[in-house]
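*Asks:* Listed below, chain by chain, are the residues.
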Amino acid sequence: MSVLQRDPQDQVRVLDEDGTVVGEVPDIDDETLVEMYRYMRLARHFDTRAVSLQRQGRMGTYPPLSGQEGAQIGSAIALDEQDWMVPSYREHGASLLRGLPLKQTLLYWMGHEKGNEMPEGVNLFPPAVPIASQIPHATGAAWAKKLRGEDDTAVICYFGDGATSEGDFHEGLNFAGVFDTPNVFFCNNNQWAISVPRERQTASETLAQKATAYGIDGVQVDGMDPLAVYSVTKAALDKAKNPGEGEGRPTLIEAVQYRFGAHTTADDPTVYRDDDEVEEWKAKDPIPRLESFLRETGRIDDEGVEAIEADVKQRVADAIEAAESDPRPDPSEMFNHAYAERTPEIQAQYEEFEALREKFGDEGFLRE
Amino acid sequence: MSSQNLTIVQAVRDGLYTEMNLDDEVLVMGEDVGKNGGVFRATEGLWNEFGDDRVIDTPLAESGIIGTAVGMAAMGLKPVPEIQFSGFMYPGFDQIVSHMSRFRNRTRGRYTLPMVLRAPYGGGIRAPESHSESKEMFYAHEAGLKVVIPSTPYDTKGLLISAIRDPDPVIFMEPKLIYRAFRGEVPEDDYTVPIGEAAVRREGTDVSVFTFGAMTRPTLEAVENLEDEGIDAEVVDIRTISPLDRETIVESFKKTGRAVVVHEAPKNGGLGAEITATIQEEALLYQEAPVKRVAGYDVPYPLYALEDYYLPSVARVEEGIREAVNF
Numbered sequence: 008m009s010v011l012q013r014d015p016q017d018q019v020r021v022l023d024e025d026g027t028v029v030g031e032v033p034d035i036d037d038e039t040l041v042e043m044y045r046y047m048r049l050a051r052h053f054d055t056r057a058v059s060l061q062r063q064g065r066m067g068t069y070p071p072l073s074g075q076e077g078a079q080i081g082s083a084i085a086l087d088e089q090d091w092m093v094p095s096y097r098e099h100g101a102s103l104l105r106g107l108p109l110k111q112t113l114l115y116w117m118g119h120e121k122g123n124e125m126p127e128g129v130n131l132f133p134p135a136v137p138i139a140s141q142i143p144h145a146t147g148a149a150w151a152k153k154l155r156g157e158d159d160t161a162v163i164c165y166f167g168d169g170a171t172s173e174g175d176f177h178e179g180l181n182f183a184g185v186f187d188t189p190n191v192f193f194c195n196n197n198q199w200a201i202s203v204p205r206e207r208q209t210a211s212e213t214l215a216q217k218a219t220a221y222g223i224d225g226v227q228v229d230g231m232d233p234l235a236v237y238s239v240t241k242a243a244l245d246k247a248k249n250p251g252e253g254e255g256r257p258t259l260i261e262a263v264q265y266r267f268g269a270h271t272t273a274d275d276p277t278v279y280r281d282d283d284e285v286e287e288w289k290a291k292d293p294i295p296r297l298e299s300f301l302r303e304t305g306r307i308d309d310e311g312v313e314a315i316e317a318d319v320k321q322r323v324a325d326a327i328e329a330a331e332s333d334p335r336p337d338p339s340e341m342f343n344h345a346y347a348e349r350t351p352e353i354q355a356q357y358e359e360f361e362a363l364r365e366k367f368g369d370e371g372f373l374r375e
Numbered sequence: 024m025s026s027q028n029l030t031i032v033q034a035v036r037d038g039l040y041t042e043m044n045l046d047d048e049v050l051v052m053g054e055d056v057g058k059n060g061g062v063f064r065a066t067e068g069l070w071n072e073f074g075d076d077r078v079i080d081t082p083l084a085e086s087g088i089i090g091t092a093v094g095m096a097a098m099g100l101k102p103v104p105e106i107q108f109s110g111f112m113y114p115g116f117d118q119i120v121s122h123m124s125r126f127r128n129r130t131r132g133r134y135t136l137p138m139v140l141r142a143p144y145g146g147g148i149r150a151p152e153s154h155s156e157s158k159e160m161f162y163a164h165e166a167g168l169k170v171v172i173p174s175t176p177y178d179t180k181g182l183l184i185s186a187i188r189d190p191d192p193v194i195f196m197e198p199k200l201i202y203r204a205f206r207g208e209v210p211e212d213d214y215t216v217p218i219g220e221a222a223v224r225r226e227g228t229d230v231s232v233f234t235f236g237a238m239t240r241p242t243l244e245a246v247e248n249l250e251d252e253g254i255d256a257e258v259v260d261i262r263t264i265s266p267l268d269r270e271t272i273v274e275s276f277k278k279t280g281r282a283v284v285v286h287e288a289p290k291n292g293g294l295g296a297e298i299t300a301t302i303q304e305e306a307l308l309y310q311e312a313p314v315k316r317v318a319g320y321d322v323p324y325p326l327y328a329l330e331d332y333y334l335p336s337v338a339r340v341e342e343g344i345r346e347a348v349n350f
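From first to last, the protein sequence lines stand for chains F and C.
The numbering of the first sequence is the working numbering, which starts it at 8 and goes up by one.
The numbering of the second sequence is the working numbering, which starts it at 24 and goes up by one.
The set of hints was computed from the structure by calculation and includes no laboratory data.
Keep in mind the model is a prediction, meaning the values are calculated, not measured.
There may be inaccurate statements among the hints.
[Unchecked claim] Example chain C residues on the side facing chain F (calculated, C-beta under 8 Å, incomplete):
{"id": "1", "residue": "Leu243"}
{"id": "2", "residue": "Glu247"}
{"id": "3", "residue": "Tyr332"}
[As the list claims (entries may be wrong)] In silico SDA-like pairs for lysine to any residue, Cα to Cα no more than 20 Å straight-line:
{"id": "4", "chain 1": "C", "residue 1": "Lys290", "chain 2": "F", "residue 2": "Phe360"}
{"id": "5", "chain 1": "C", "residue 1": "Lys278", "chain 2": "C", "residue 2": "Gln303"}
{"id": "6", "chain 1": "F", "residue 1": "Lys110", "chain 2": "F", "residue 2": "Asp87"}
{"id": "7", "chain 1": "C", "residue 1": "Lys58", "chain 2": "F", "residue 2": "Lys110"}
{"id": "8", "chain 1": "C", "residue 1": "Lys290", "chain 2": "F", "residue 2": "Phe372"}
{"id": "9", "chain 1": "C", "residue 1": "Lys58", "chain 2": "F", "residue 2": "Asp282"}
{"id": "10", "chain 1": "C", "residue 1": "Lys58", "chain 2": "F", "residue 2": "Thr277"}
{"id": "11", "chain 1": "C", "residue 1": "Lys290", "chain 2": "F", "residue 2": "Glu127"}
{"id": "12", "chain 1": "F", "residue 1": "Lys366", "chain 2": "C", "residue 2": "Asn349"}
[As the list claims (entries may be wrong)] Cβ pair distances, simulated, as ranges:
{"id": "13", "chain 1": "C", "residue 1": "Glu274", "chain 2": "F", "residue 2": "Gln63", "range": "50 to 60 Å"}
{"id": "14", "chain 1": "C", "residue 1": "Gly292", "chain 2": "F", "residue 2": "Ala220", "range": "52 to 62 Å"}
{"id": "15", "chain 1": "F", "residue 1": "Arg155", "chain 2": "C", "residue 2": "Ala296", "range": "38 to 48 Å"}
{"id": "16", "chain 1": "F", "residue 1": "Arg155", "chain 2": "C", "residue 2": "Asp47", "range": "23 to 33 Å"}
{"id": "17", "chain 1": "F", "residue 1": "Pro351", "chain 2": "C", "residue 2": "Glu274", "range": "28 to 38 Å"}
{"id": "18", "chain 1": "F", "residue 1": "Gly106", "chain 2": "C", "residue 2": "Gln27", "range": "22 to 32 Å"}
{"id": "19", "chain 1": "F", "residue 1": "Ala324", "chain 2": "C", "residue 2": "Pro313", "range": "34 to 44 Å"}
{"id": "20", "chain 1": "C", "residue 1": "Asp76", "chain 2": "F", "residue 2": "Asp308", "range": "57 to 67 Å"}
{"id": "21", "chain 1": "C", "residue 1": "Asp47", "chain 2": "F", "residue 2": "Val129", "range": "33 to 43 Å"}
{"id": "22", "chain 1": "C", "residue 1": "Glu274", "chain 2": "F", "residue 2": "Asn181", "range": "38 to 48 Å"}
{"id": "23", "chain 1": "F", "residue 1": "Ala324", "chain 2": "C", "residue 2": "Glu208", "range": "46 to 56 Å"}
{"id": "24", "chain 1": "C", "residue 1": "Asp46", "chain 2": "F", "residue 2": "Glu284", "range": "31 to 41 Å"}
{"id": "25", "chain 1": "F", "residue 1": "Glu340", "chain 2": "C", "residue 2": "Ala204", "range": "45 to 55 Å"}
Positions of the beta carbon are idealized from the N, C-alpha and C atoms, including for glycine.
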């Protein structure tokens, strides 16, 4: 029986908080399991450094992901190469796995449009900032795949618990149900939409049960258990591509988790939530949990962990150096992509802009 | 009347506090406005003061926030919903233009919506994507709405109180670049600054410079710098985008015969176009030079690495004024 065939309130788990196996371990090879751990460590270290860069004034406002590595990596690693990912603005780990280099993520949050330039062959949408607005896009993208007969392709879309209050969530999932599109809607229920708790978003007992209203499957998973996340995501992706008799393609996954830090570096979570709650959730940290499982089952040892630690630090340091040494964007880029070709008005504005820069120099032009 | 030295965002808070104290029907609602005191702290402490029923943390849903405020206002409450950033007003756009602006007209005056929709707007604070736009003209184009944009702490409180007391719906856009840039004297008691009246910030004879919101600062600075070049400019702070105080605009222009409009919104269809047309219609024979618009460009608002190049700088404003004067 599929892992998806269960009551939406029945939470899927594989590892308990200590990393002890309490469910069915998914069929993943050893190498992939260790990669999962490596990427979770990479995402955590990247996140820590990114917050620090923001604090030092080397980067703008940044949305931290710590606590959510299990959900991001556990789900993203289940995708096939041809699948598409539609992220919110917090999926730095999932996007990395999809093929967006860390340097690009840094550039975006450093205010460079270039951070959104997806490398060739990377099936990833740019981060969507307005809440839930990317959900209908994901439905449309999956719909297009279906209309074109590309039945081996599914689309995963990430959003938070707050997004389930938006009209776009309803409309995106409703279309997906009606048109039976190959979608996996992945809700990172991290408990807080900035300062507003999940209970203030909805009176529903779970977010997964909202799927029922759209005639699609809903499943709740322990989002801090990367193996459980992998299991449900893999099953949902497989069903999206190859539904069984009488099965629908789309699935709503509610991954129950916690963000350890602020919503973004612009808010102070101590104003709205208790330290006790944070500590309670930190005990469920997905990283030591997976590490403990990997050690217990002989897949990794001290040496392996140290090597990963060194590798992770190096990769993040390299990405920061690469992003910071990237040349500042050329100001004239601003005029290049509003349309395929500059309109006469934009061309005239561009010429005036360049003439003024020429006349005053950049320092003079920007003088305040 | 005793007064305090407040920033603009503190003046917003003070205006809300003052009016909520005076009128039990005024309530504040939105995302994070309660316990958290608003993402910019514009509602700080109000939840402690007035409780859950008057300072309401809502689900994350702009259409829901604006739509339910429409219903509340129709029932006689005076809701002041906050949208966290004006870039997120669009999910509620349908509610704004299909309902908020039209309720009075549709019911032939039987019902009206005494609500104020507040949102921080504009760029220059190194914010992420969708957090810096200047789209005040969307709302100015819609009949039935009033659109107010203050530029000083004093005006902020006085205009906000006027907006709350106004029987019609008001869009109150707060220039977040200057939320905390400076302080000004703000009376502790309630007072009003009239909606629909521009303010002459500086008198001059050579050229009229029309601006509002965050751009009043670089404009005043540019004008001061140009004194050395012998240019005596008048600066008019528009303050209310709709209804527009055409009389003050035309009067100033008739005196100087030259005009520059400074705004951070895109040039195309910006307030500069409306001011220029007004001058053409009402003061053509006084005109000594083409009206110069110093504005944002007609491109998507760039991520912040380039926003300084997008927003009118002092240098650009100065050059615009020189062009108008030296034509």
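*Asks:* Look at each hint and say if it fits the structure.
*Replies:* We went through each hint and held it up to the structure:
no., hint, in the structure
1, Leu243, "violated (12 Å)"
2, Glu247, "violated (13 Å)"
3, Tyr332, "holds (4 Å)"
4, C:Lys290 to F:Phe360, "holds (13 Å)"
5, C:Lys278 to C:Gln303, "holds (15 Å)"
6, F:Lys110 to F:Asp87, "violated (23 Å)"
7, C:Lys58 to F:Lys110, "violated (36 Å)"
8, C:Lys290 to F:Phe372, "holds (18 Å)"
9, C:Lys58 to F:Asp282, "holds (16 Å)"
10, C:Lys58 to F:Thr277, "holds (11 Å)"
11, C:Lys290 to F:Glu127, "violated (35 Å)"
12, F:Lys366 to C:Asn349, "holds (17 Å)"
13, C:Glu274 to F:Gln63: 50 to 60 Å, "holds (51 Å)"
14, C:Gly292 to F:Ala220: 52 to 62 Å, "violated (41 Å)"
15, F:Arg155 to C:Ala296: 38 to 48 Å, "holds (43 Å)"
16, F:Arg155 to C:Asp47: 23 to 33 Å, "violated (59 Å)"
17, F:Pro351 to C:Glu274: 28 to 38 Å, "holds (35 Å)"
18, F:Gly106 to C:Gln27: 22 to 32 Å, "violated (54 Å)"
19, F:Ala324 to C:Pro313: 34 to 44 Å, "violated (55 Å)"
20, C:Asp76 to F:Asp308: 57 to 67 Å, "holds (59 Å)"
21, C:Asp47 to F:Val129: 33 to 43 Å, "violated (56 Å)"
22, C:Glu274 to F:Asn181: 38 to 48 Å, "violated (55 Å)"
23, F:Ala324 to C:Glu208: 46 to 56 Å, "holds (51 Å)"
24, C:Asp46 to F:Glu284: 31 to 41 Å, "holds (37 Å)"
25, F:Glu340 to C:Ala204: 45 to 55 Å, "violated (28 Å)"
Hint compliance for this structure: hints 1, 2, 6, 7, 11, 14, 16, 18, 19, 21, 22 and 25 are broken, all remaining hints hold.
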